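Student: Once you have looked at the hints, place chain Z with the ligands on chain A.
Chain by chain, the residues:
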Amino acid sequence: MGELKLKPQKNTRTIEEINAKIRKGDAQVLTAEEMKKLVESSSIEVAFKEVDVVTTGTFGAMCSSGAVINLGHSDPPIKIDKAWMNDVPVCHPGAAVDLYIGATAMSETQAYEYGGGHLIEDLVKGKEVELRATAYGTDCYPRNSIRTNLTKDDLNQFYLLNFRNGYQRYNCAVNSRDETIYTYMGKLLPKMRNATYSGAGELNPLMNDPDYETIGIGTRIFLGGAQGYIIGEGTQHEAKSQNGTLMVRGDAKKMSPEFLRGASFTRYGTTLYVGLGVPIPILNEGLAKKTAIRDEEIFTNVVDYGVPRRNRPKLAKVSYKELKSGAITVGDKKIRVSSLSSLKMARQIATTLKKWIEEGTFFLTAPVERLPLDTTFKPMKQTETTSFVKNVMQMAVTCKETEEVRTIAERIVSKSVNHIVAVDNAGKLIGIVTSWDVTRAMAQGKTQLADIMTRRVFTAKPDEPLEMASKRMAEHNISALPVINDEKKVLGIVTSEDVAKLLGRRT
Amino acid sequence: MSPNYWEGELEMVRLLLRFSEEIVDQPIVSELILEFKAPINIITALVNSKGGEVLAEVPQEAADKIVKALRKRGVKVSLPKLIEVDAEKCISCGSCVALCPVEAIAFDEHASVVFNKEKCVGSTCSACVDACPVRAIKSVKQTNHELSYTAAKGALGKQ
Ligand code: SF4
Ligand code: SF4
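Sequence lines, in order, name chains A and Z. At position 281 of the first sequence (counting the first as 1) the number is 505 in this note's numbering, and the numbers step up by one without a gap. At position 4 of the second sequence (counting the first as 1) the number is 5 in this note's numbering, and the numbers step up by one without a gap.
In isolation and in its complexed conformation, chain A is listed as follows:
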């Protein structure tokens, strides 16, 4: 007793000490959610004393994921040039028979419905997949093509190698347009009738150690149902804006399809849902405090995905607590919100990792280098100028609704245009007539413009990318769009001819 009193109160612990406890089976492990409750009901000091490890988890669509595989050599051997597995194009970034399956590569026969993510899931499940490959043939690799069926057991290596996973937090998406849009943030109803978000909030790995005190190269983690490793910061990693990301690797042969799911985002593409969990060793009181972070302290932006530009408008700030509640408020509008990532699975991952540590099958590692705090995420340098609608639009030839078809016909000839835009006295759009409408009207003996003009007009905005306008014309099989501002005032007209000239020249 006397001896104990003399010992100074220790206010740190090491990873070695924690691992020794894990080996003995008496490490104290809590999931991040349990940790928050403990801190709330006791104190940071108590939590630090009682808890050795806090487990985190997240399960979401992570597009920058994929798998490296090595096929072994065929006889005669082949240096693969192009390859497909289950009709999904697979890249060949390295030597003869090393391939990379990208999660977003889509099947050439079932685009959008089957892709690299599904292929990885099928392999993990033990399913047989078909490999087709072609080659140009060399003296040492004479073969020109190969077709074979494989399972994961036939592969030498099958490693998950994801270059950006586990975003610390992510945007909440809405759509201000008048039409439903399908994005990588899911299906967004018109006029902000729903919102989507991603991320586990207070269960997210990086959010529980936002200064990356314990996370870096070599950190052992839960990845896809097996043990994996962090191999560095992910692409686009930016600590100062709380947008940290992870690059990870793990042996996919040991993973479970429960935690790796191929997925399809309608009209967007395929991806892979990845289950990832990081153990946070509670080395000091500071970490006890950090792992106590709550959803109400984690904020993200509500972003308008209806604007297809890099700087999409930010409409509001919301906390993960609001997001998880099912409704957010933007201005005075209440919007129903739901997640794309799975909180249920995130919890299951944190709980599974906790169990592994308690059972003594998972030991912690100290990173050999911590994740960087100073990198920034820059926009792309563009050396070619991008075209927007305003760059190609022309003056619109206009008319009034009260004019006669004959007058319009004359104007079409004198201005040599195919479209006349009908405006009111304030210059606001009310309709459009084409030279074809006019020809037909004259043939039918119609004289009043009001009887023949189209009133439901597809339009473009000056700051829209040209591709969007072009897509809209193609979708509706029309050849021009009046360009209007927010007040519906006509600013000009963009025609498919002008667009084709410009976009055509670039390709």
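Accuracy of the hints is not assured; some may be wrong.
Just the calculated beta-carbon pair ranges, DEER-fashion [to be verified]: (1) Z:Glu-54 x A:Asp-687: 38 to 46 angstroms; (2) Z:Leu-35 x A:Asn-701: 49 to 57 angstroms; (3) A:Asn-508 x Z:Lys-90: 37 to 45 angstroms; (4) A:Ala-551 x Z:Val-141: 27 to 35 angstroms; (5) Z:His-111 x A:Lys-713: 51 to 59 angstroms; (6) Z:Lys-51 x A:Glu-403: 21 to 29 angstroms; (7) A:Asp-363 x Z:Val-141: 55 to 63 angstroms; (8) Z:Glu-89 x A:Arg-534: 34 to 42 angstroms; (9) A:Lys-234 x Z:Lys-90: 44 to 52 angstroms.
Think of the hints as simulated: they come from the structure by calculation, not from any bench. All of these numbers come straight from a predicted model, not from anything done at the bench. Even glycine gets a Cβ: it sits at the ideal position worked out from N, Cα and C.
Tutor: Then chain Z with the ligands, alone, in the frame of chain A:
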């Protein structure tokens, strides 16, 4: 004696009824409830002076008779598809939840997504179907009764 459709557990069939402008103000559904002494549950109704679209549920045993009577009165009848969620496939992401106009899909207290088939208005909505990233939501035909064939044929023949 006409059978009593109100007793016991009833197998119900969902019907999509379209009323034209001319007949929308007639009390057709109430008349049939009285005529056949069978429940006709209205699940959703979109009605105005120009016509109406009603999703209704009728007992399977009386379905044929009711469909015939409805058609005689000028109502267009078709069999909507039902929505099914494959709980094995579902990852409880929630992508479907905020899209559902009638809150037929919701999170339970364990963050699991649960689907209430009774509340769902079926293929006339389908808002959730193409939003499911793991394709756990499917539109399926109502097949457990003979009406599927006649109703589908009738709908095609008349429209
Ligand atoms: S089909 Fe419509 S009503 Fe039914 S669950 Fe889906 S969104 Fe809800
Ligand atoms: S979108 Fe699909 S996977 Fe996600 S909760 Fe709904 S049914 Fe389940």
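Student: Does each hint fit the structure? Answer for all of them.
Tutor: For each hint, the structure was consulted:
1. Z:Glu-54 x A:Asp-687: 38 to 46 angstroms: holds (40 angstroms)
2. Z:Leu-35 x A:Asn-701: 49 to 57 angstroms: Hint holds: Cβ distance 51 angstroms, inside 49 to 57 angstroms.
3. A:Asn-508 x Z:Lys-90: 37 to 45 angstroms: holds (43 angstroms)
4. A:Ala-551 x Z:Val-141: 27 to 35 angstroms: holds (31 angstroms)
5. Z:His-111 x A:Lys-713: 51 to 59 angstroms: holds (53 angstroms)
6. Z:Lys-51 x A:Glu-403: 21 to 29 angstroms: Given a distance of about 24 angstroms, which is inside 21 to 29 angstroms, the answer is holds.
7. A:Asp-363 x Z:Val-141: 55 to 63 angstroms: holds (57 angstroms)
8. Z:Glu-89 x A:Arg-534: 34 to 42 angstroms: With Cβ atoms ~40 angstroms apart, the hint holds.
9. A:Lys-234 x Z:Lys-90: 44 to 52 angstroms: holds (50 angstroms)
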